[in-house]
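Peer 1: Below, each chain spelled out in residue letters.
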Amino acid sequence: MTFRSCGCENELARALKDGHWPEGCGPELRAHVDTCGSCSDLVLVTHTFQQARSESEQTAPGGPPSLLWWRAQLRRRNAAAERVSRPVTIAELFALSVYGCVGVVFVASEYRHSLRWASWWSQLAPSRAFHFLPVGAGQLDWNLLLLISSCGALALLSGLVVYLASEKS
Amino acid sequence: MDSDAFAGFYQRSAPALRSYLERVSGNAALADDLTQESYLRFLCATCPEGGEVNYRRYLFRIATNLLRDHWRRPKPACIEDIPEQLLAARDGLSRIDSQSVLDPALARMRPRERQLLWLAHAEGYSHREISEITGLSTAGIRLLLFRARRKIARLLRQRTGADRGRA
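In the order they appear, the protein sequences are chains F and X.
Residue 139 in this note's numbering sits at position 139 of the first sequence; the count goes up by one each step and never skips.
Residue 16 in this note's numbering sits at position 16 of the second sequence; the count goes up by one each step and never skips.
Bear in mind the hints are in silico, worked out from the structure with no lab data behind them.
Among the hints, a few may not be true.
As the list claims (entries may be wrong) - Just some of the chain X residues that point at chain F, by a computed CB distance under 10 Å:
1) Ala-7
2) Gly-8
3) Glu-22
4) Gly-26
5) Asn-27
6) Gly-50
7) Asn-54
8) Tyr-55
9) Leu-117
10) Trp-118
11) His-121
12) Arg-149
13) Arg-154
14) Thr-160
Stated by the list, open to error - Below, a sample of chain F positions facing chain X; criterion: calculated Cβ distance under 8 Å:
15) Arg-30
16) Asp-34
17) Thr-46
18) Arg-77
19) Leu-96
20) Ser-97
Everything numeric in this text was worked out from a predicted model, so none of it was measured.
Glycine residues also receive a C-beta, built at the ideal position from the N, C-alpha and C atoms.
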């Protein structure tokens with residue numbers, strides 16, 4: 001399809017837009033429209049669409065403007081609250097990632113001692129735990145203390161993370 | 001914009017916006033939803049300078065983007081989901097002409113063509129204004145509009161010829 005714009009198109013479009021067509025236009029333009037395909041298309045299409053628009057405008061859109069106004073205010077407030085709480089969310093995510101990293105580092109560092117723990121655990125049952133003997137501080141392995149305190153911290157942090165996640169959802 | 005100014009602006013612009021959305025989407029219920037959403041987004045955004053003409057253009061731009069988003073995520077529709085009043089005959093004899101002539105022709109046009117035709121011929125926007133609303137280039141709009149106009153004029157002539165033949 002070739003694109004050929006007629007020289008009278010702008011004048012005709014203006015007349016149609018202002019409602020001057022056909023009475024307010026000269027006989028030359030009217031004669032031209034009868035012979036020019038592009039201009040007659042313009043007149044037909046513009047008339048049809050303008051008629052359709054005026055008919056459609058009789059249908060009032062639903063909902064009073066005051067309701068829309070208050071809904072928009074509410075949405076604005078929610079957006080503002082979300083903006084304010086965004087740093088808290090970022091901090092939560094950061095804490096979670098640090099917590100995960102600490103966990104991974106801890107597991108990796110303690111992995112080397114796992115065999116020693118296993119042997120210690122096998123010796124523990126007959127020697128102390130089942131005889132309820134007090135354990136001296138000097139006799140206790142520092143790794144064991146670290147393990148117990150880390151497990152406690154992990155359990156506490158897990159509870160905190162689960163609580164924050166459930167609160168968020 | 002305060003509440004009273006918005007009420008006035010809404011009364012003046014809402015029918016035109018709803019007509020645009022209804023004709024381009026071909027769905028009255030969707031047009032209602034998108035009209036409301038357009039105003040909500042308009043109120044939540046920072047309004048452009050330059051008075052009501054610019055507000056109106058900005059509103060049409062929001063509506064155009066919402067339509068585009070809607071078309072990007074097509075959802076399967078079930079007949080049970082369509083409100084009953086949409087299936088019933090619409091009231092108002094004045095609508096019959098444009099419904100019987102324009103709607104079938106529009107149904108055979110692509111959404112982009114419907115959009116451009118409505119903005120240019122029903123709303124009377126210039127190519128530059130349509131470019132601001134749709135995000136297309138002015139040269140592209142000129143060409144697309146020329147083709148769309150020719151196509152719909154042929155369909156309208158066929159339709160009116162068929163109606164006359166039937167009469």
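Peer 1: Check the structure against each numbered hint from earlier and tell me which ones fail, lowest number first.
Peer 2: The structure conflicts with hints 4, 5, 6, 7, 8, 15, 16, 18, 19, 20, although it agrees with all the remaining ones.
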